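Top to bottom, those sequences are chains A and B.
For the record, in the first sequence the residue sitting at position 49 is 49 according to our numbering, with numbers rising by one throughout.
For the record, in the second sequence the residue sitting at position 275 is 753 according to our numbering, with numbers rising by one throughout.
Treat the hints as calculated values from the structure; they're not laboratory data.
In this text the structure is predicted, and so the values were computed from the model without any measurement.
Do not take every clue at face value.
With a straight-line cut-off of 27 Å between C-alpha atoms, the simulated DSSO-like cross-links for lysine-lysine are [said to hold, decoys possible]: (1) 565/B with 480/B; (2) 178/A with 501/B; (3) 827/B with 59/A; (4) 589/B with 488/B; (5) 168/A with 59/A; (6) 734/B with 683/B; (7) 168/A with 527/B; (8) 488/B with 59/A; (9) 260/A with 527/B; (10) 58/A with 501/B; (11) 379/A with 527/B; (12) 655/B with 644/B; (13) 375/A with 260/A; (14) 488/B with 827/B; (15) 379/A with 260/A; (16) 728/B with 706/B; (17) 375/A with 527/B; (18) 589/B with 749/B; (19) 728/B with 749/B; (20) 501/B with 168/A; (21) 565/B with 260/A; (22) 749/B with 706/B; (23) 488/B with 565/B; (24) 168/A with 570/B; (25) 488/B with 58/A; (26) 689/B with 706/B; (27) 260/A with 480/B; (28) 734/B with 706/B; (29) 565/B with 168/A; (30) 59/A with 501/B; (31) 168/A with 480/B; (32) 488/B with 379/A; (33) 480/B with 178/A; (34) 168/A with 488/B; (35) 501/B with 379/A; (36) 527/B with 178/A.
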Amino acid sequence: MNFNLVFNLTGKVLLLEGVSMLLPLYVAILYGESPLPFIYAVLITLFSGFILSRLPYKKHFFAREGFFAVGLIWVLMGLFGALPFHFCGQFNSFIDCLFECYSGFTTTGASILTNIEAMPKGILFWRSFTHWLGGMGVLVLTTALLPSMGLRSHFLIQAESPGPVFSKLMPKQSQTSKILYTIYCVMTVVEIGLLKLAGLPLYDSFIHAFSTAGTGGFSNRNLSVGAYENPTAEMIIAIFMLLFSVNFAMYFLLLCGRAKDVLNSDELRFFLGVTALAVFFSCINIYPIYHSVWQSFRFAFFQVSSIISTTGFATADYMTWPVFSQVIMILLLLCGACAGSTGGGMKCSRILLLVRCLRREIRQIIHPRNVSVVKLDGKVVEENTLRSVMLFTGCYFLISLMATLVVAMDNFSFTTSFSAAFTCMSNVGPGLDIVGPAGNFAAFSGLSKLVLSSCMVIGRLEIFPILVLFSRSAWRRA
Amino acid sequence: MKIVIVGAGKVGYALADQLCREKHDVTVIDSSEEAIRRTCDTLDVMGFKGNGVDISTLTQAGATDADLLVAATNMDELNMACCLTAKNMGTKYTIARVRNPEYYSSMGTIKRNFGIGMVINPENATAMEIARLLRFPSAADIESFCRGRVELMSFRVQEDDFITGKPLYSLSNQIQKLSMLFCAAERDGQVIIPNGSFVPQANDKLYIIGKPTGLDEFFRLLGRYNHKIRSVFVVGGGRVSIYLASLLEKMHIRVKLVERNEERCRLISEKLPKTMVICGDGTDQELLDSESLSSSDAFVALTDRDEDNLIISLYAMQQGLSKVIAKSNRQNYAGIAHAVGLDSIISPKLITAAHILHVVRGMGNSQGSVMQALYRIADDQAEATEFVVNKSTRHLGVPLKELKLKSGILIAVIVRDDVVIIPEGSTCIQDHDSIIIVSREQAITDVNDIFAPSFESGGRNEF
Chain A
1 MNFNLVFNLT GKVLLLEGVS MLLPLYVAIL YGESPLPFIY AVLITLFSGF
51 ILSRLPYKKH FFAREGFFAV GLIWVLMGLF GALPFHFCGQ FNSFIDCLFE
101 CYSGFTTTGA SILTNIEAMP KGILFWRSFT HWLGGMGVLV LTTALLPSMG
151 LRSHFLIQAE SPGPVFSKLM PKQSQTSKIL YTIYCVMTVV EIGLLKLAGL
201 PLYDSFIHAF STAGTGGFSN RNLSVGAYEN PTAEMIIAIF MLLFSVNFAM
251 YFLLLCGRAK DVLNSDELRF FLGVTALAVF FSCINIYPIY HSVWQSFRFA
301 FFQVSSIIST TGFATADYMT WPVFSQVIMI LLLLCGACAG STGGGMKCSR
351 ILLLVRCLRR EIRQIIHPRN VSVVKLDGKV VEENTLRSVM LFTGCYFLIS
401 LMATLVVAMD NFSFTTSFSA AFTCMSNVGP GLDIVGPAGN FAAFSGLSKL
451 VLSSCMVIGR LEIFPILVLF SRSAWRRA
Chain B
479 MKIVIVGAGK VGYALADQLC REKHDVTVID SSEEAIRRTC DTLDVMGFKG
529 NGVDISTLTQ AGATDADLLV AATNMDELNM ACCLTAKNMG TKYTIARVRN
579 PEYYSSMGTI KRNFGIGMVI NPENATAMEI ARLLRFPSAA DIESFCRGRV
629 ELMSFRVQED DFITGKPLYS LSNQIQKLSM LFCAAERDGQ VIIPNGSFVP
679 QANDKLYIIG KPTGLDEFFR LLGRYNHKIR SVFVVGGGRV SIYLASLLEK
729 MHIRVKLVER NEERCRLISE KLPKTMVICG DGTDQELLDS ESLSSSDAFV
779 ALTDRDEDNL IISLYAMQQG LSKVIAKSNR QNYAGIAHAV GLDSIISPKL
829 ITAAHILHVV RGMGNSQGSV MQALYRIADD QAEATEFVVN KSTRHLGVPL
879 KELKLKSGIL IAVIVRDDVV IIPEGSTCIQ DHDSIIIVSR EQAITDVNDI
929 FAPSFESGGR NEF
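So here's chain A without its partners, still in its complex pose (with noise of 0.2 Å):
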């Protein structure tokens, strides 16, 4: 392992993510706050990655030491990323200190805040803007800005991006950082600007549309987004929460003028396929409550929405729909966005490749000679790929099993201990019962929430990352 190396880049990113906690800061010196916790959390980090950033280091850089560089950046940055809540003094403990900011860079948006409207604004601003930079991922941001990084940082983005496999969009990696990153900015300022005309407040505005583009979830009111009774928002924020979990390189392919493409892949039409369907029946579903199709629409879309791009804003509790409601959104819950997308969870690709894998095993079954291949857009996909692919859903479930272990510990009902491990796991936020949309996840006890941040990051970082750092061998030096 190349330590030095590993090291120097997680201090540029820990000066990328000192730097960008300059904007809660400015935002807290707008709404006249104590500008001093990020001050001591920006000097901190800054310092930090200053340090690491000047280890003289080798060049030589393979796939371990972008897994491990990943891992450990990940780990690090929830750390630093933890320190305005500390000294902001509202928080009980420096490990619902570490659970909310994991929560917020993995795109989660599971909170132990119980009242949130009483934090500080440049708090809440901080924690909306770590969904936003976790959610397209900060090394993706990194290599956009330094393009110098380029020549192996293959790995790196291969590491952090969700999905099976990753593909570029240009020849040099930092272009394709850019693009994906100009989509992403874009989209978010769209929103913000949607939000605002249909009557949020600016600030709000901003909370929502960075919590919506990383999927994340956290809000500044204590009702989510049901707390504005704005059905014009509600549809904005549902509509947004769908497109930011599509693969970004969809609209690539369409800026390209490709749309032919896009309409023809696989994902796409699955992920579309599975939100309708489960808007459909989740409508039915609840219309006894509501009796009226708008409403039984209005807050199943929302629901549905919020639940399959891994979002986890509310507008309603369907912890007071009926169970079989209830069950479709923790099946959405781990099936999760589009890979590619900022949204969590399994990932659309990977359910089609595993259904296509189990056709191909029947088939087989059926007809023993017979030899076919798993195509997805057309194309066949490697058997890498799919060992990969049924590792992975393997180790998803292993892991989220063992995390419910350790969680029901606190001895709260099963459904809770199950759900609280999936939604941290899919990067969801609620689960059900007590982690439902209405509660939230302050009573666990603090092994708990260690357990289940580090749950949100393997998730996030789709396992392997997380793992290698696990690995003995990995922490040799070469």
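Given the coordinates of chain A, assemble chain B onto it according to the supplied hints.
Quick look at chain B alone, frame taken from chain A:
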């Protein structure tokens, strides 16, 4: 520049690596997922799996607006078809790797009809490189222009050379008449573009440019040419060996070639009547000794195994041969070989990549007139560039003595209709000439860049 490389094999990879370093946008197409993954994992390039002739793959890879497409798969026909397709789709320039000698006779037609801008044959290029190394055992480095018609070489001036301490204009008529020119000199890390009054001193590194025969003659007069190579021992009978042997035959160098396969030996002896073909195992020292390896002047190891080449080269060095050349495609072996004193390691893939790179650099630099080649000499402090003059060039037909050039610029050679001309005051540049310009510390990207600004304004007033 946007560059598409078809085929991520040895040459394709080496080329992509180099082009990436020079900040070009590189896209790689290969039919093997494994090759694509290896390339994309280690280089900052975009990879596509597919056939290079397939229009949809080429479109994805951006061949419609690419500046250059290099077809370097292992199939000649595929490469040619690929260039044809890409050219029709809108790629500006195409390069194909074609190695089958049978296509060479009709290459002109093929190039024209397939829209191929340049054809490169790795084996032939390798053989030419080896032949050059064998021809000038004393020169430090050699670069060639205009497909080998002009060469640029450097050598270090010694105390007792007849040119030392005398200005160039006073050199004897014999030297003046040679088809060559002193184009640059390096003294204490400084580069000087010499004129007639330049006085060479001991320990200067002089760069001379001219016709290969002229350079030969100069070295002979200088007395540096005493150990001319007269016989070469070649091990391995692959394509490179055949190209090399036929080149050496033309240079009147005796060639002894050892090849293991009898069938192949017959073929070689049919093609190369003057070459002594020996059927046997070239790695067998007994055989090498019995064929009196030690009495040859040079040894070239060209078997298909890099390891064998290195080992038998070491053996040849041990036998006291002064010039030993080994082929090795694996770059990491070169370092090891260097450590044990084996300096001339030849790598076909790097030679091929270097040839293509010259074209790419030329394209990247040229705006009006087409730059054909660019070499940096004297620790990158000077450049030698080859241009093809066209209508856009100013002052065509004006004698050189009437032109005012920027300082530190020399028009070294003019090649007109394949004839090498060493320019004099009365020579003028004409349309379609190839000219080689040596310049100090400034990037010349167009022939028009060489004229001094004062002269330009004066020139315009006349019209």
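Hints and how they fare:
1. Among the hinted pairs, residue 565/B with residue 480/B is consistent with the structure: their alpha-carbon atoms are about 14 Å apart, no more than 27 Å.
2. Restraint check: the Cα-Cα separation between residue 178/A and residue 501/B comes to about 16 Å, which is no more than 27 Å; the hinted pair holds.
3. In summary, the hint linking residue 827/B to residue 59/A is supported, as the alpha carbons are separated by about 24 Å, within the 27 Å threshold.
4. For the proposed pair residue 589/B and residue 488/B, the alpha carbon gap of about 24 Å is at most 27 Å, so the pair holds.
5. The straight-line distance between the Cα atoms of residue 168/A and residue 59/A is roughly 23 Å, inside the 27 Å bound, and the hint therefore holds.
6. Taking the CA atoms of residue 734/B and residue 683/B, the gap is about 35 Å. The hint is violated against a cut of 27 Å.
7. At roughly 13 Å between alpha-carbon atoms, residue 168/A and residue 527/B fall within 27 Å of each other, so this suggested pair holds.
8. A distance of roughly 23 Å separates the Cα atoms of residue 488/B and residue 59/A; the hinted pair therefore holds under the 27 Å criterion.
9. Restraint check for residue 260/A and residue 527/B: satisfied, since their Cα atoms lie roughly 20 Å apart, inside the 27 Å limit.
10. Annotation: proposed proximity of residue 58/A to residue 501/B holds, straight-line Cα distance about 21 Å (limit 27 Å).
11. Of the supplied pair hints, the one linking residue 379/A and residue 527/B holds, its CA atoms being roughly 10 Å apart against a limit of 27 Å.
12. Proposed proximity of residue 655/B and residue 644/B is supported: the alpha carbons are some 17 Å apart, at most 27 Å.
13. In summary, the hint linking residue 375/A to residue 260/A is supported, as the alpha carbons are separated by about 18 Å, within the 27 Å threshold.
14. Our distance criterion of 27 Å between C-alpha atoms is met by residue 488/B and residue 827/B, whose separation comes to about 6 Å.
15. The suggested pairing of residue 379/A with residue 260/A holds, with an alpha-carbon distance near 15 Å, which does not exceed 27 Å.
16. Straight-line distance between C-alpha atoms of residue 728/B and residue 706/B comes to about 15 Å, which keeps the hinted pair within the 27 Å bound.
17. A hinted pair counts as satisfied when its Cα atoms are at most 27 Å apart, and residue 375/A with residue 527/B qualifies at roughly 14 Å.
18. A hinted pair counts as satisfied when its Cα atoms are at most 27 Å apart, and residue 589/B with residue 749/B qualifies at roughly 26 Å.
19. Distance check on the hinted pair: residue 728/B and residue 749/B sit about 13 Å apart at the alpha-carbon level, within 27 Å; holds.
20. A threshold of 27 Å between alpha carbons decides the hint, and for residue 501/B with residue 168/A the separation of about 17 Å falls inside it, so the pair holds.
21. Taking the CA atoms of residue 565/B and residue 260/A, the gap is near 25 Å; set against the 27 Å cutoff, the hint holds.
22. Pair hint residue 749/B plus residue 706/B holds up; C-alpha atoms about 26 Å apart against a cutoff of 27 Å.
23. For the given pair, residue 488/B sits about 24 Å from residue 565/B by alpha-carbon distance, which is consistent with the 27 Å threshold.
24. With a C-alpha separation of about 24 Å, the suggested pair residue 168/A and residue 570/B falls inside the 27 Å cut-off, and the hint holds.
25. As the CA atoms of residue 488/B and residue 58/A are separated by approximately 26 Å, the hinted pair is consistent with the 27 Å bound.
26. Between the alpha carbons of residue 689/B and residue 706/B the distance comes to roughly 18 Å, so the proposed pair stays at or under 27 Å and holds.
27. For the proposed pair residue 260/A and residue 480/B, the alpha carbon gap of about 25 Å is at most 27 Å, so the pair holds.
28. Distance restraint check for residue 734/B and residue 706/B: the Cα-Cα separation of roughly 17 Å lies within the 27 Å cut-off, and the hinted pair is therefore satisfied.
29. With a C-alpha separation of about 25 Å, the suggested pairing of residue 565/B with residue 168/A holds against the 27 Å cut-off.
30. Restraint check: the Cα-Cα separation between residue 59/A and residue 501/B comes to about 18 Å, which is no more than 27 Å; the hinted pair holds.
31. Pair hint residue 168/A plus residue 480/B holds up; C-alpha atoms about 15 Å apart against a cutoff of 27 Å.
32. At most 27 Å may separate the alpha-carbon atoms for a hinted pair to count; residue 488/B and residue 379/A meet this at roughly 26 Å.
33. With a C-alpha separation of about 18 Å, the suggested pairing of residue 480/B with residue 178/A holds against the 27 Å cut-off.
34. A C-alpha spacing of about 23 Å is found between residue 168/A and residue 488/B, which places the hinted pair at or below 27 Å, so the restraint holds.
35. For a cut-off of 27 Å, the pair hint linking residue 501/B to residue 379/A is broken: about 30 Å separates their Cα positions.
36. Using a Cα cut-off of 27 Å, the hinted pair residue 527/B and residue 178/A holds, with the two alpha carbons roughly 24 Å apart.
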